[in-house]
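Trainee: Taken in order, these protein sequences are the chains called H and Z.
According to my numbering, the stretch in the first sequence is residues 1 to 188, in order.
According to my numbering, the stretch in the second sequence is residues 1 to 188, in order.
Hints are supplied without guarantee of correctness; some may be wrong.
A pair holds if it fits inside one copy or across any two, identical chains being indistinguishable in the list.
To be verified - Only pairs whose alpha carbons sit at most 25 Å apart, straight line, appear in this in silico PhoX-like list of lysine-lysine: (1) Lys11 with Lys163; (2) Lys150 with Lys39; (3) Lys56 with Lys150; (4) Lys94 with Lys186.
Everything labelled a hint here was simulated from the structure, so no lab data went into it.
There are 2 protein chains.
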Amino acid sequence: MMNFCSVCGEKVSLIMPAGDNRMRFVCSQCETIHYQNPKVVTGCIPQWQDKILLCKRAIEPRYGLWTLPAGFMENGESNREGAARETFEEANAKLTNMTLFSVFSIAHISQIYTMYRADLVAGEASPGIESLEVALMAEEDIPWGNLAFKVIEENLKLYYQDKTAGTFSVHYGELIKQQDESFKVKYF
Amino acid sequence: MMNFCSVCGEKVSLIMPAGDNRMRFVCSQCETIHYQNPKVVTGCIPQWQDKILLCKRAIEPRYGLWTLPAGFMENGESNREGAARETFEEANAKLTNMTLFSVFSIAHISQIYTMYRADLVAGEASPGIESLEVALMAEEDIPWGNLAFKVIEENLKLYYQDKTAGTFSVHYGELIKQQDESFKVKYF
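Turn these sequences into a full structure, and let the hints guide you.
Mentor: Right, here's the structure in full:
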């Protein structure tokens with residue numbers, strides 16, 4: 001929600017600017033149009049031997065549930081660098097051989113997720129400030145009932161499908177929230 | 001640049017919030033932290049028979065140069081829907097069989113580009129308000145010297161490389177601006 005112009009401090013109005021087809025917050029004083037756009041979450045599936053690295057969240061939302069290292073991309077970094085940074089912040093883990101694994105759209109919260117596969121350097125990781133614990137898990141250890149986010153569950157499913165098939169590809173999926181709060185997942 | 005809090009209208013300060021490692025615009029009155037994040041540009045390579053659809057820009061930047069249909073992703077839409085919307089807005093063109101083709105990071109302008117391959121429905125297109133003209137072009141017609149953006153040139157190069165190889169894959173690249181203003185392109 002936007003009430004005031006971040007450039008000049010005047011109140012903004014929600015109007016459709018000339019030549020546009022959407023409502024925007026516009027400043028009547030300095031005429032700045034304040035566009036609001038989706039945010040990118042970027043993260044990683046860190047691999048070590050036959051295991052992957054998961055983190056138990058020490059922050060809300062979903063405190064205490066398991067996730068892959070991921071977070072909001074920052075200005076001035078590449079998408080891949082953001083995934084590496086988040087992995088270092090959440091799990092003190094360094095990565096090599098990073099390769100794009102998936103892009104997910106979650107339209108109802110205006111987010112896209114980009115996830116990379118990567119090798120965990122020396123198999124070393126420990127909890128960062130946002131993690132209660134970190135663990136290298138084999139497929140049979142994945143806590144499917146205690147994952148933090150649907151998009152993480154989908155990435156893990158795709159990962160093990162590809163691994164079983166013996167070949168990894170890059171996936172694009174959309175998570176669509178249903179009226180009963182469950183998600184429909186579509187791949188394109 | 002941000003001068004005023006968009007929530008309460010007070011002046012903001014550029015400080016490093018507790019527990020953070022970056023400078024953020026923070027409101028001293030309502031304590032809102034105003035995160036600023038990269039924007040997503042989403043677009044398409046529309047295919048029809050042996051040709052693809054390009055648009056000649058009727059807007060700045062790069063007025064009069066050729067591009068693929070693409071634009072800023074909007075809140076509430078999926079990444080793929082955004083690419084289809086931009087293609088309709090810029091070229092009155094409908095798409096089918098959309099599949100992810102590339103993700104590019106352009107860190108120095110805090111953008112990521114997502115591009116889809118798709119089939120142009122009925123081969124029909126005409127200039128939208130942001131295009132001077134549109135054209136279905138064979139490879140030998142591509143105006144390599146008059147393309148609007150480096151990221152578009154790279155997508156077209158990858159497209160024809162894949163087409164020649166007989167198999168399309170999903171690419172991730174980074175465009176890094178050099179001191180002499182040229183770009184270095186790295187693929188991962």
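Trainee: Run every hint past the structure and note whether it holds.
Mentor: Evaluated hints:
no., hint, result
1, Lys11 with Lys163, "neither (54 Å within a copy, 52 Å between copies)"
2, Lys150 with Lys39, "both (17 Å within a copy, 23 Å between copies)"
3, Lys56 with Lys150, "within (15 Å within a copy, 41 Å between copies)"
4, Lys94 with Lys186, "between (32 Å within a copy, 20 Å between copies)"
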